[in-house]
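Those protein sequences? They're chains C and P, same order as listed. The working numbering puts the first sequence at residues 1 to 335. The working numbering puts the second sequence at residues 1 to 335.
None of these hints come from the bench; they were simulated from the model. Please note: incorrect hints may appear among the correct ones.
The list treats identical chains as one, so a pair stands whether inside a single copy or across any two.
Stated by the list, open to error - Mimicking EDC-like on lysine to aspartate or glutamate, the simulated pairs with C-alpha atoms at most 16 angstroms apart in a straight line are:
1) Lys106 - Asp22
2) Lys3 - Glu98
3) Lys310 - Glu230
4) Lys59 - Glu152
5) Lys3 - Asp104
Number of protein chains: 2
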Amino acid sequence: MEKIIRLAHGSGGKLTQQLIRDVFFPCFNNQFLAPLDDSAVVNIDGIRVAFTTDSYVVKPIFFPGGDIGKLSVSGTINDLAVMGARPAFISCSLIIEEGFSLSDLKRIVSSIQHTAEETGVNIVTGDTKVVEKRGADSIFINTSGIGIVPAEVNLGIDRIRVGDKIIVNGTVGDHSVAILSQREELGFEVSLESDCAPIYDLISKLNGNWDSVKFMRDPTRGGVAGVLNEIVQNRGFGIELWERSIPFQEETLAVCELLGMDPLYLANEGKVILFVESEKAQDILNIFKAHPMGKRSSIIGEVVAGPKGKVYLVTSIGTHRVVDMLVEDQLPRIC
Amino acid sequence: MEKIIRLAHGSGGKLTQQLIRDVFFPCFNNQFLAPLDDSAVVNIDGIRVAFTTDSYVVKPIFFPGGDIGKLSVSGTINDLAVMGARPAFISCSLIIEEGFSLSDLKRIVSSIQHTAEETGVNIVTGDTKVVEKRGADSIFINTSGIGIVPAEVNLGIDRIRVGDKIIVNGTVGDHSVAILSQREELGFEVSLESDCAPIYDLISKLNGNWDSVKFMRDPTRGGVAGVLNEIVQNRGFGIELWERSIPFQEETLAVCELLGMDPLYLANEGKVILFVESEKAQDILNIFKAHPMGKRSSIIGEVVAGPKGKVYLVTSIGTHRVVDMLVEDQLPRIC
Numbered sequence: 001m002e003k004i005i006r007l008a009h010g011s012g013g014k015l016t017q018q019l020i021r022d023v024f025f026p027c028f029n030n031q032f033l034a035p036l037d038d039s040a041v042v043n044i045d046g047i048r049v050a051f052t053t054d055s056y057v058v059k060p061i062f063f064p065g066g067d068i069g070k071l072s073v074s075g076t077i078n079d080l081a082v083m084g085a086r087p088a089f090i091s092c093s094l095i096i097e098e099g100f101s102l103s104d105l106k107r108i109v110s111s112i113q114h115t116a117e118e119t120g121v122n123i124v125t126g127d128t129k130v131v132e133k134r135g136a137d138s139i140f141i142n143t144s145g146i147g148i149v150p151a152e153v154n155l156g157i158d159r160i161r162v163g164d165k166i167i168v169n170g171t172v173g174d175h176s177v178a179i180l181s182q183r184e185e186l187g188f189e190v191s192l193e194s195d196c197a198p199i200y201d202l203i204s205k206l207n208g209n210w211d212s213v214k215f216m217r218d219p220t221r222g223g224v225a226g227v228l229n230e231i232v233q234n235r236g237f238g239i240e241l242w243e244r245s246i247p248f249q250e251e252t253l254a255v256c257e258l259l260g261m262d263p264l265y266l267a268n269e270g271k272v273i274l275f276v277e278s279e280k281a282q283d284i285l286n287i288f289k290a291h292p293m294g295k296r297s298s299i300i301g302e303v304v305a306g307p308k309g310k311v312y313l314v315t316s317i318g319t320h321r322v323v324d325m326l327v328e329d330q331l332p333r334i335c
Numbered sequence: 001m002e003k004i005i006r007l008a009h010g011s012g013g014k015l016t017q018q019l020i021r022d023v024f025f026p027c028f029n030n031q032f033l034a035p036l037d038d039s040a041v042v043n044i045d046g047i048r049v050a051f052t053t054d055s056y057v058v059k060p061i062f063f064p065g066g067d068i069g070k071l072s073v074s075g076t077i078n079d080l081a082v083m084g085a086r087p088a089f090i091s092c093s094l095i096i097e098e099g100f101s102l103s104d105l106k107r108i109v110s111s112i113q114h115t116a117e118e119t120g121v122n123i124v125t126g127d128t129k130v131v132e133k134r135g136a137d138s139i140f141i142n143t144s145g146i147g148i149v150p151a152e153v154n155l156g157i158d159r160i161r162v163g164d165k166i167i168v169n170g171t172v173g174d175h176s177v178a179i180l181s182q183r184e185e186l187g188f189e190v191s192l193e194s195d196c197a198p199i200y201d202l203i204s205k206l207n208g209n210w211d212s213v214k215f216m217r218d219p220t221r222g223g224v225a226g227v228l229n230e231i232v233q234n235r236g237f238g239i240e241l242w243e244r245s246i247p248f249q250e251e252t253l254a255v256c257e258l259l260g261m262d263p264l265y266l267a268n269e270g271k272v273i274l275f276v277e278s279e280k281a282q283d284i285l286n287i288f289k290a291h292p293m294g295k296r297s298s299i300i301g302e303v304v305a306g307p308k309g310k311v312y313l314v315t316s317i318g319t320h321r322v323v324d325m326l327v328e329d330q331l332p333r334i335c
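All chains, please: the whole structure from these sequences, using the hints.
Here it is, written out as structure tokens:
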């Protein structure tokens, strides 16, 4: 194992997994800590409460389609929502670099509140630390969240079966491309915006259909490929993806071609991947398509008997290729 | 109002108050957000749940008596404990500078786990972000926590009455002095250690006496003076402190004299200030003194009719002086 922390340890790829397995798990091991879930689900006097945390270090802090404030609240709402929880309370802790503009801070705080309001959650507690100039890169935000898991929700990787269909609620990779377009060194422009948004409202439309929904994840760092690889790891099934069925913005594909990136690893901040019972997949797709945040929803693949533990892509021209987990991300500081 | 964020905005003094009042409150205003409390108390299906968050940016990250890991867990446990809550679940989110030593990380993670275990709380969810070299100062840790408030606990500033006694569980200012002693530019050495520790076990000894306990706070940033000023602000009472009764380590007083600092503003990370019914003050003091973390507990003052909204100190030589809230802290990055 390496002796220092590298950027890739925070990428959501293989090195992140290794860090979790070698450093955090041996220490924090307890019944609630679930590596593959976006929130812990704890029991408080018989009530299932989802609890999650994320720190946001995105650069730049303002980007097409959002800002670090919107991102930090959306991200935590989404981590709760993909556990089937109703997001209820959010905390917000800021680390600010000395000299940061007060008007930018106001803009970010108002964006935080606006995003929270949209989903009906309250920012109930917070903290502010200020560090010296060059002690932090402008502003970092941590949000933690509490959500209530309704009794009818029963999600778990162990419920996934061969034949289950995989659904995504829209175009893949928009967030990474929007961030990329703002990095001066890359020098290109796109009209595309980040998909950064809370998706609880969309997910709440699954009420009444929870029996058919096996598992959900939001494909943020590491993208669709990263999340599916985490799910399939050491399992008795494989995943087949259909390239033709995966929705992309044209600009995303153009940027990926230009920069030699694979769009399946790009981050998303307003997307959910669902594993659903095959017979109900079309019904759930229809529910999603009827919602503004799910218009371009698509069934992108299915759970297959083998090769076990692998994700593979059936390409547009009919070939098969394994979609592995990356060792490091294609782009740091995207969230 | 100033146009940029200064270090003092994170000091816990007047500028922090102003930031909260002018920027956060107008946005985040809701029934749960209580500026004076260390945690929000929310209601989940009839259960009172305390929820708190704090980011830790302490420098240096290893100091006499603790490290950023122990501090981050103690701080959140204490923020829950002073609400009368039993700390239950903690989240832990790291922002790490590229190049950080893996062995230091392991040491910190093990310190986090050790401190959590001591109080019987679980680290149930986490996150790791890595930023480029010089994008952050070594490591920042956010912990958020959930605690359960027992039915018999009824704490609130509105329960404070003239005549109530004020208790602290030991020597004041140890944490700041321990941090100070490690800052190279100051060039002095002390044998004193930070008081950094979880104090839930001590506070839990109040069970059976909650009727007599009106309000609690932990005097971290801003110190005893900062916390008491926050409590007294705009209230119909004042606070009288008795210099002779406030416990200090001798070294703390020596360092303060040397550097021209007032020990009442120094930060503490294992202390609680209690407002208790006068008739029960001695009983509660005895309970505290019987505990290893409360051996040097003392009744340090009382709530007085006036001057309203002010904290004043009766000095050892019998004079009175007002103890105001500082505009900026005497020392940044102490927690």
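Against the structure, the hints come out as follows:
no.	hint	result
1	Lys106 - Asp22	between (40 angstroms within a copy, 9 angstroms between copies)
2	Lys3 - Glu98	between (31 angstroms within a copy, 12 angstroms between copies)
3	Lys310 - Glu230	within (10 angstroms within a copy, 57 angstroms between copies)
4	Lys59 - Glu152	neither (39 angstroms within a copy, 47 angstroms between copies)
5	Lys3 - Asp104	between (37 angstroms within a copy, 10 angstroms between copies)
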